[in-house]
Amino acid sequence: MKVKPMDDRVLIEPVEEESKTPSGIIIPDTAKEKPIVGKVLAVGTDEDLRENIKEGDRVLFAKYGGEDITVDGKDLKIIQRSDILAIIED
Amino acid sequence: MKVKPMDDRVLIEPVEEESKTPSGIIIPDTAKEKPIVGKVLAVGTDEDLRENIKEGDRVLFAKYGGEDITVDGKDLKIIQRSDILAIIED
Amino acid sequence: MKVKPMDDRVLIEPVEEESKTPSGIIIPDTAKEKPIVGKVLAVGTDEDLRENIKEGDRVLFAKYGGEDITVDGKDLKIIQRSDILAIIED
Amino acid sequence: MKVKPMDDRVLIEPVEEESKTPSGIIIPDTAKEKPIVGKVLAVGTDEDLRENIKEGDRVLFAKYGGEDITVDGKDLKIIQRSDILAIIED
Amino acid sequence: MKVKPMDDRVLIEPVEEESKTPSGIIIPDTAKEKPIVGKVLAVGTDEDLRENIKEGDRVLFAKYGGEDITVDGKDLKIIQRSDILAIIED
Amino acid sequence: MKVKPMDDRVLIEPVEEESKTPSGIIIPDTAKEKPIVGKVLAVGTDEDLRENIKEGDRVLFAKYGGEDITVDGKDLKIIQRSDILAIIED
Amino acid sequence: MKVKPMDDRVLIEPVEEESKTPSGIIIPDTAKEKPIVGKVLAVGTDEDLRENIKEGDRVLFAKYGGEDITVDGKDLKIIQRSDILAIIED
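Chains as they are written, first to last, in this note's numbering: chain A, 8 to 97; chain B, 8 to 97; chain C, 8 to 97; chain D, 8 to 97; chain E, 8 to 97; chain F, 8 to 97; chain G, 8 to 97.
Read the hints as simulated data drawn from the structure, not as lab findings.
Each hint should be verified, as a subset may be incorrect.
Interface residues of chain G toward chain A, partial, derived using beta-carbon atoms under 7 Å [stated by the list, open to error]:
1) 8
2) 11
3) 12
4) 22
5) 52
6) 56
7) 70
8) 76
9) 82
10) 85
Restricting the straight-line Cα-Cα distance to at most 30 Å, the calculated cross-link-like pairs of lysine-lysine (BS3-like) are [said to hold, decoys possible]:
11) 9(E) - 70(F)
12) 81(F) - 46(F)
13) 81(D) - 9(C)
14) 70(G) - 46(F)
15) 70(D) - 9(E)
16) 46(E) - 61(F)
17) 11(B) - 70(B)
18) 9(C) - 11(D)
19) 46(D) - 81(E)
20) 11(B) - 81(C)
21) 46(A) - 11(A)
22) 11(F) - 81(E)
23) 81(B) - 46(B)
24) 81(B) - 9(C)
25) 9(C) - 46(C)
26) 70(C) - 46(C)
27) 61(C) - 11(C)
28) 46(E) - 46(F)
29) 61(D) - 11(C)
30) 81(G) - 70(G)
31) 70(D) - 46(D)
Only a predicted model underlies this, so the values are computations on that prediction, with no experimental measurement involved.
Every residue, glycine too, gets a C-beta built ideally from N, C-alpha and C.
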């Protein structure tokens, strides 16, 4: 089953927050809305977006952004470009 | 009787939320505004929209978006493009 | 007496809500702001609007939109394009 | 003394609301903000506006819109284009 | 000492409200925010503004608009174009 | 140490409010948000801004605007173009 | 591990607020939201931004802006261009 995000959206699998991510980013689950790390599973149809973001990229995104969905038992997020803060490279 | 959506709108038949959709998307009717799955019955007059969305597409859309109408006894929704999150393909 | 709507507005004669419209659309007068069906009596001066909407069209429009006026004893509405959801064809 | 409205504004002499206007429009002074009928005394400097509205036109405009002024003892209104709903022709 | 307004602003010397202005405009000091009459002392740097407004023009402007300043003992106002309703000519 | 304002911002040294400025502008410290006079120390990188505002200009700006910083013991302000009301010339 | 900011964002290492920065800027930790000084570690993909801001620049930015993240034990901020007030040069 494929979820193809519309326009400038991206489908993301969030990484477990508490544990230290392989890339060294600690996102303590503090009260404060810390951004989250996630893996890009699918990129929207917007051309400019597709030039900047690829499937497999690891991105940092604003915690409050996007919509939650569950696909094949996995909790995923559909995020808009404006909520993507950075791309993380090891 | 045909309902032809105006401009960038789409006519959608929402899928029953509770049951697991054939495509594996579970949309539990939790308090939180989870997005909904639905089938596209008609696409608006906006050209760019018609290039991205087709009749018969199954889409994921924001629950709070759009207007409810009942046509020939069926509860349908008229949604704007900005509330369409993704297209789902099996 | 002719009422000629300005710019992107449309003059509409709303259809009685409760009764089932010939086109099968039931618009129960529930608390929730269900859209309304109406007949287009006059179309504004905006060229693009005039390509998409014609006098005599039956349209579905957002209940809360537009301004109420009474002309020759008839309760009519002046609606902006953004409040027109769809055109209905039998 | 001449009042020359700026940009997209129009100077209007509102018609008495209660009485039935010669053109058949009844604007009962209900609580609800019914639009008002008035005669155009002067049109602003905006070119596009001047192509659509002429001095002497009778227009229907949103009651809450514009600014009240009194000129030579007459209560007038300065209205922006966006508050003009329609032109009325007998 | 010269005050040169920036961009689309205008420096205005408001006229005493209560008295009937030579041009016949009565601006009673009612509770309601009636517009004010004033004389243009300086026009901003915006070219389009300078084509529409000249030093010495008498203008009608929204009471709540602009900033109050006192220059050489005179209470003046710096107003933006969007708060200028009309030019008054005797 | 040089502070180079970004984009359409300007670095300003506010003038003491209470005293009558050499240019005759009295800015009493009333409760009401009276604009302030200040000297331009640096102009941002925006080209159009640099054509209209020069280092050394004395400007009148909205009191509530901008950010307060202290540089080498001096209390300065970083203001955006939209908060600059006028340039003052003696 | 590299954090590559998206679009018009910048990755910044804030300077300790209390101490007087080498460049003479004192940012007392008063209640009032004083701007903060920081060093640019990475610049987003936006071309115009990259012409105005370089890695290694010391910038003054609005305290309330951006998102907090911790990378390899360091507390950093991801800021948007609109929150960058000035570049500081010694």
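Hints and how they fare:
Residue-level restraint check for residue 8(G) holds (minimum Cβ-Cβ distance to chain A is 4 Å; threshold 7 Å). With a cut of 7 Å, the hint placing residue 11(G) at the interface with chain A holds, because the nearest CB-to-CB distance is about 5 Å. Because the beta carbon of residue 12(G) sits about 5 Å from the nearest beta carbon in chain A, less than 7 Å, this interface hint is met. The criterion of a C-beta within 7 Å of any C-beta in chain A is not met by residue 22(G), whose closest approach is roughly 21 Å, and the hint is violated.
The interface hint given for residue 52(G) is met, as the beta carbon of that residue sits about 6 Å from the closest beta carbon of chain A, less than 7 Å. Proximity of residue 56(G) to chain A is violated relative to the hint, the smallest CB-CB distance being about 13 Å (cut-off 7 Å). Annotation: residue 70(G) was flagged as interfacial toward chain A, and the flag is violated, the nearest CB pair being 14 Å apart, outside 7 Å. Hint status for residue 76(G): holds, given a least beta-carbon distance of 6 Å to chain A, under 7 Å.
Taken as an interface hint, residue 82(G) does not check out: its beta carbon lies about 10 Å from the nearest beta carbon of chain A, beyond 7 Å. A least Cβ separation of about 5 Å between residue 85(G) and chain A falls short of the 7 Å threshold, and the interface hint therefore holds. Between residue 9(E) and residue 70(F), the direct Cα distance comes to roughly 20 Å. Compliance with the 30 Å bound is thereby established for this hinted pair. For a cut-off of 30 Å, the pair hint linking residue 81(F) to residue 46(F) stands: about 13 Å separates their Cα positions.
Between residue 81(D) and residue 9(C), the direct Cα distance comes to roughly 28 Å. Compliance with the 30 Å bound is thereby established for this hinted pair. A distance of roughly 25 Å separates the Cα atoms of residue 70(G) and residue 46(F); the hinted pair therefore holds under the 30 Å criterion. Proposed proximity of residue 70(D) and residue 9(E) is contradicted: the alpha carbons are some 42 Å apart, above 30 Å. Pair hint residue 46(E) plus residue 61(F) holds up; C-alpha atoms about 29 Å apart against a cutoff of 30 Å.
For a cut-off of 30 Å, the pair hint linking residue 11(B) to residue 70(B) stands: about 21 Å separates their Cα positions. Of the supplied pair hints, the one linking residue 9(C) and residue 11(D) holds, its CA atoms being roughly 28 Å apart against a limit of 30 Å. For a cut-off of 30 Å, the pair hint linking residue 46(D) to residue 81(E) is broken: about 39 Å separates their Cα positions. Distance hint between residue 11(B) and residue 81(C) is fulfilled; the C-alpha atoms sit about 27 Å from each other, no more than 30 Å.
Of the pairs offered as hints, the one joining residue 46(A) and residue 11(A) holds, with about 15 Å between alpha carbons and a cut-off of 30 Å not exceeded. With a C-alpha separation of about 36 Å, the suggested pairing of residue 11(F) with residue 81(E) is violated against the 30 Å cut-off. Using a Cα cut-off of 30 Å, the hinted pair residue 81(B) and residue 46(B) holds, with the two alpha carbons roughly 13 Å apart. The straight-line distance between the Cα atoms of residue 81(B) and residue 9(C) is roughly 38 Å, outside the 30 Å bound, and the hint therefore fails.
For the hint pairing residue 9(C) with residue 46(C), the CA-to-CA distance comes to about 16 Å; that is within 30 Å, so the pair holds. Under the criterion of a C-alpha separation no larger than 30 Å, the hint pairing residue 70(C) with residue 46(C) is consistent with the structure, at around 14 Å. Restraint check: the Cα-Cα separation between residue 61(C) and residue 11(C) comes to about 13 Å, which is no more than 30 Å; the hinted pair holds. About 28 Å separates the Cα atoms of residue 46(E) and residue 46(F), which keeps this hinted pair within 30 Å; it holds.
Taking the CA atoms of residue 61(D) and residue 11(C), the gap is about 14 Å. The hint holds against a cut of 30 Å. Only pairs whose Cα atoms come within 30 Å are accepted, and residue 81(G) paired with residue 70(G) is accepted, the gap being roughly 18 Å. A hinted pair counts as satisfied when its Cα atoms are at most 30 Å apart, and residue 70(D) with residue 46(D) qualifies at roughly 14 Å.
Against the hints set out earlier in the document, violations occur for numbers 4, 6, 7, 9, 15, 19, 22 and 24.
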